Amino acid sequence: MREPIEASAPSHSSESEQSVLGALFIDNAAYDRLGDLKEDDFYIHDHRLIFRAAAHLIHRGKPADVITVFDVLNSAGKAEQVGGLSYLNALAQNTPSAANVHRYAEIVRGHADRRAFLKALGEATDALNQNGNLAEVIEKAQSAMMALTERRQIREPKRIGEVLTQNVEQIDDRYHGNTGPRGIRTGFEVLDHRLNGMRPGEVYILAGRPGMGKTALALQISYNVTQDKEVAGAVLFLSQEMEAPELGERALSLSGGVPYENIMSGRMAEDDWPRLTFGIQQLTNAPLLIDDSPALSLRDVRAKALSVKRKHGLALVVIDYLQLMKGTGENRTQEIGAISRGLKALAKELKTPFLVLSQLSRKCEERPDKRPWLADLRESGDIEQDADCVMFVYRPAEYDSSFTPTELMELIIAKKRNGKKGTVPLAYEGSFMRISNYQGQWPLPQLSRSMRNKPSVYPGGLE
185 MREPIEASAP SHSSESEQSV LGALFIDNAA YDRLGDLKED DFYIHDHRLI
235 FRAAAHLIHR GKPADVITVF DVLNSAGKAE QVGGLSYLNA LAQNTPSAAN
285 VHRYAEIVRG HADRRAFLKA LGEATDALNQ NGNLAEVIEK AQSAMMALTE
335 RRQIREPKRI GEVLTQNVEQ IDDRYHGNTG PRGIRTGFEV LDHRLNGMRP
385 GEVYILAGRP GMGKTALALQ ISYNVTQDKE VAGAVLFLSQ EMEAPELGER
435 ALSLSGGVPY ENIMSGRMAE DDWPRLTFGI QQLTNAPLLI DDSPALSLRD
485 VRAKALSVKR KHGLALVVID YLQLMKGTGE NRTQEIGAIS RGLKALAKEL
535 KTPFLVLSQL SRKCEERPDK RPWLADLRES GDIEQDADCV MFVYRPAEYD
585 SSFTPTELME LIIAKKRNGK KGTVPLAYEG SFMRISNYQG QWPLPQLSRS
635 MRNKPSVYPG GLE
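Per the numbering used here: the sequence shown = residues 185 to 647.
Keep in mind the hints are simulated off the structure, nothing from the lab. Since the model is a prediction, treat every value here as computed from it, not as a measurement. Do not take every clue at face value.
If you anchor each label on the Cβ, the simulated ranges turn out as follows [said to hold, decoys possible]:
1) E430 to V352: 47 to 55 angstroms
2) T461 to E430: 18 to 26 angstroms
3) T309 to T461: 44 to 52 angstroms
4) Q277 to D220: 23 to 31 angstroms
5) K510 to P429: 18 to 26 angstroms
6) L305 to A213: 36 to 44 angstroms
7) W457 to L302: 55 to 63 angstroms
8) K222 to I251: 21 to 29 angstroms
Below, in silico cross-link-like pairs of lysine-lysine (DSBU-like), each with a Cα-Cα straight-line distance of 30 angstroms or less [claimed, not checked]:
9) K324 to K488
10) K510 to K599
11) K547 to K510
12) K599 to K495
13) K547 to K599
14) K324 to K246
All C-beta atoms, glycine included, are put in the ideal place defined by N, C-alpha and C.
Go ahead and model the full structure; you've got the sequences and the hints to work with.
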């Protein structure tokens with residue numbers, strides 16, 4: 185006999201659970217409209233057993249009705265426990281149709297999520313009351329919340345007609361002159377033309393060998409975004425390598441035009457002071473948030489990004505750099521792969537572009553031409569696979585002291601979904617930690633035509 189449900193039982197809906205099961209008996213095709221409903225989402229144990237039996241039959245292409253489900257349960261010695269044929273018949277007869285099964289499933293799943301949320305809170309409270317380690321309790325609770333949030337954001341498939349409606353609206357906008365970048369601007373005209381802006385939900389990898397200017401470029405882009413009046417929201421700069429004061433000094437140098445060495449040494453020239461004042465004015469109210477916490481996990485990044493999004497809105501997330509994040513894999517390659525996939529999922533969840541800095545292996549320095557290739561991405565090929573865009577920073581003068589122009593920074597776009605590969609010239613002003621649009625001749629005359637068109641050197645050609 186079925187056991188009665190206590191009046192004080194946790195969040196659930198007996199009626200919705202019954203309606204899901206009854207709909208399956210009426211029309212087995214309703215199973216495909218349950219979304220991600222699972223056996224454990226049913227609160228009533230007998231309903232779990234019935235759902236398991238019905239799913240068992242449907243998965244094997246066999247009919248699942250009152251008689252066949254009873255037979256499965258009876259073979260397992262569970263038929264009488266769930267109420268026998270009379271209860272299974274009642275489920276089918278009391279459900280008017282299978283038309284609304286998706287809504288019934290949503291109600292069941294919603295109650296299951298509430299129970300999971302309360303369970304996580306209860307476990308966290310119990311652990312704290314028992315003097316558990318606060319950091320471990322918080323991480324475990326965040327993990328539970330993240331899993332719950334990810335589940336609730338699973339999207340249903342869309343008919344192609346729905347997608348095309350959105351496509352037509354976008355095409356019409358472009359036809360009527362709204363042809364600007366579809367994402368946020370980096371502040372570099374040629375780069376924005378190549379990328380079509382940094383788009384929400386996409387991950388942009390910025391990689392290079394040490395000393396090439398990755399952080400300088402990321403900080404410059406962050407600064408440019410905060411100065412764009414059309415951008416709503418803040419830039420979250422997660423600096424796992426540099427302390428916030430060091431980034432602040434770099435930002436003052438690039439925004440005010442004060443030599444970085446003067447700021448670092450304190451040997452300020454007389455005309456440096458008004459420039460410093462101007463830089464401070466530019467930065468004081470800029471929506472640039474710097475977090476210099478080390479060794480971040482995916483959960484840490486998500487928690488910080490969600491907090492900023494809730495308080496200020498979120499325009500861009502910058503992570504400096506990927507290999508300094510912590511993971512939980514069996515080895516570092518697996519960890520980096522999991523982190524890379526997690527960042528892509530997080531960018532889509534937050535509907536925000538992620539600019540992720542990455543180290544390169546030393547292999548590129550062993551070649552005569554030291555421009556990076558995709559194969560040089562350090563510790564995991566998953567980085568290339570998961571990223572929407574991969575860019576390499578390369579400064580020829582760093583390897584050849586006689587090279588001119590010394591300020592040239594090549595930004596090699598080696599991969600870009602829905603965009604153009606190629607190389608964008610930028611100007612690196614090292615004394616100011618500043619990067620600007622390159623004003624010199626491009627392509628450089630000293631580069632032979634054969635080198636300019638060599639894919640391994642300049643993938644996609646030169647802009």
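Hints broken by the structure, by number, lowest first? Violated: hints 12 and 14.
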